[in-house]
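Colleague: The residues making up each chain are set out below.
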Amino acid sequence: MGDEKKLMNKKRLITISSLIIIFIIYSITTKAFDKNIFEHIGSSLYRMLIGYVLSVVLGIITAIILSSNKYIKMMFKPLISFMMSIPTITWVPVLLIITGISNTTVILAIFLGSYFTIIYNTLDGLENVDQNLIRAAKIMGYNPIKILTHVSIPDSFNHIIVGLKLGISYSWRALVGAEMLGAANMGLGYLIFTARQFYNLNRAISTLIIIGLLGYLMSRLIIIIEKNTIDKWGLADD
Amino acid sequence: MIKIEKVSKDFEKLKVLDKIDVEIKKGEFFVILGPSGCGKTTLLSMIAGFEKPTEGKIKIRDKEINKPGRDRGFVFQDYALFPWKTVLGNVMAGLKGNKKEKEEKAMYYIEKVGLKEFANTYPHKLSGGMKQRVSLARALAYEPEILLMDEPFGALDAQTRKLMQQELLNILKDFDKTIVFVTHSVIEAVYLADRVIVLSNRPSKIIYEEEIKIRGHRDYLNEDFLHYRERILHFLDTQTGIQE
Chain A
1 MGDEKKLMNK KRLITISSLI IIFIIYSITT KAFDKNIFEH IGSSLYRMLI
51 GYVLSVVLGI ITAIILSSNK YIKMMFKPLI SFMMSIPTIT WVPVLLIITG
101 ISNTTVILAI FLGSYFTIIY NTLDGLENVD QNLIRAAKIM GYNPIKILTH
151 VSIPDSFNHI IVGLKLGISY SWRALVGAEM LGAANMGLGY LIFTARQFYN
201 LNRAISTLII IGLLGYLMSR LIIIIEKNTI DKWGLADD
Chain B
1 MIKIEKVSKD FEKLKVLDKI DVEIKKGEFF VILGPSGCGK TTLLSMIAGF
51 EKPTEGKIKI RDKEINKPGR DRGFVFQDYA LFPWKTVLGN VMAGLKGNKK
101 EKEEKAMYYI EKVGLKEFAN TYPHKLSGGM KQRVSLARAL AYEPEILLMD
151 EPFGALDAQT RKLMQQELLN ILKDFDKTIV FVTHSVIEAV YLADRVIVLS
201 NRPSKIIYEE EIKIRGHRDY LNEDFLHYRE RILHFLDTQT GIQE
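Each protein sequence line maps, in turn, to chains A and B.
Oh and the first sequence: position 134 is 134 in my numbering, straight run, nothing missing.
Oh and the second sequence: position 20 is 20 in my numbering, straight run, nothing missing.
So that you can see chain A by itself, here it is in the shape it has in the complex (with noise of 0.2 Å):
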């Protein structure tokens, strides 16, 4: 088993550090990118990670409020998944109305990308503690807040994790497409929609691919996560 996995892990390794090998010369030798590339990435990661963060912060304190109360969690679950059914990119044009082009308007499509998602997932996390572990903390003297936080919310990990993992691909799907339509003039996005206007298909190309890799070396992030989690403590198949 464990031999097994070691060999997936460098099978794995094999596969992602030849793709980006090719990919480095192909950019290379086509002159797909000038130096500005570094600031386009640069800029895309730090509204990313500003956008994630908050989202997976407020989400996760949004649920914890909304669980305290059985009428204001019944009251809200309706709201959040008619929020999730809409597709963040429509957000754009709003936003592009109210912040207009700017950092905050690209934060905010990736902070709604994962926000009732993992408002969503951590709920359902909340919902399914296991009572008998809630019973063992009162006997022991826990107060509700060391409940909530010693025994609801890491027993809710597994339910969590979800969240974060679907946050985390809606997220970055939501960056590129606020950048792409217009809403800044920096980054991934909006290097991709300027290589069409100039035809530059080895550039569009070529952001195409870090756009993939990114995303994936992200979503690879949370599994580093999940392995140090809930996999060590047994939560993994609930």
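No wet-lab data here; the hints were simulated from the structure.
Even glycine gets a Cβ: it sits at the ideal position worked out from N, Cα and C.
Please note that a few of the clues may not be correct.
List of simulated lysine-lysine pairs, DSSO-like, C-alpha gap at most 27 Å [as the list claims (entries may be wrong)]: (1) B:LYS26 <-> A:LYS232; (2) A:LYS70 <-> B:LYS52; (3) A:LYS138 <-> B:LYS26; (4) A:LYS232 <-> B:LYS102; (5) A:LYS138 <-> B:LYS213; (6) B:LYS105 <-> A:LYS146; (7) B:LYS85 <-> B:LYS63; (8) A:LYS138 <-> B:LYS162.
Now the in silico label distances, taken between C-beta atoms and shown as ranges [said to hold, decoys possible]: (9) A:LYS227 <-> B:GLU23: 29 to 37 Å; (10) B:LYS116 <-> A:GLY212: 26 to 34 Å; (11) A:LYS146 <-> B:ILE207: 37 to 45 Å.
Model the placement of chain B on the given structure of chain A, informed by the hints.
Modeller: Just chain B now, with coordinates in the frame of chain A:
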């Protein structure tokens, strides 16, 4: 020590417990025996403070119980261990003080239940019997006066179950605890108990009470043991006849 005064419990319109009235003495190993689906776990949950009686009162040292508290420890049938904590972490979960004190104390109880080598293991890697040992260590570690055990060995295979019963008595020998133990196994009840009550089917009443006095070594073939076992089994036979 624990006074159960005319306690009844209804779930919606279903009457589960009907005027249970009994006193559990300090230091006693008190076993509640009853068929599946009778209110024995409900009764234990009320002593724990997880649920409230519909009628009547439960008092510990003459103080009415209204919520769970650290004067009681609870061992669950499904162990209820925190999966994200190691064995050591689970046993430390109920302790107070600085980290070093907590660790030392937790290790003392982990050694008591014979899991020293597994202190840094996560619960999902342990067998059922081992998990229940951790659960016991966790409940003992913060030194409650009363230990409530809800069919703790119900999910274990026959051999492990017998072993755990022996070990439980062995471990408890060193501590002065009042124990309330719920089971549906007559053998287990007679083997462990100082006193047994038998509950009827719903709505449950106490239909039998017996002090178990076993002379000599407690084992399944002891003469006194067999005597009590026969008596209770015989009584249950007549009861089911009436009930059905």
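Colleague: Run through the hints listed earlier and report the numbers of any the structure violates, in increasing order.
Modeller: 1, 5, 7, 8, 9 and 10
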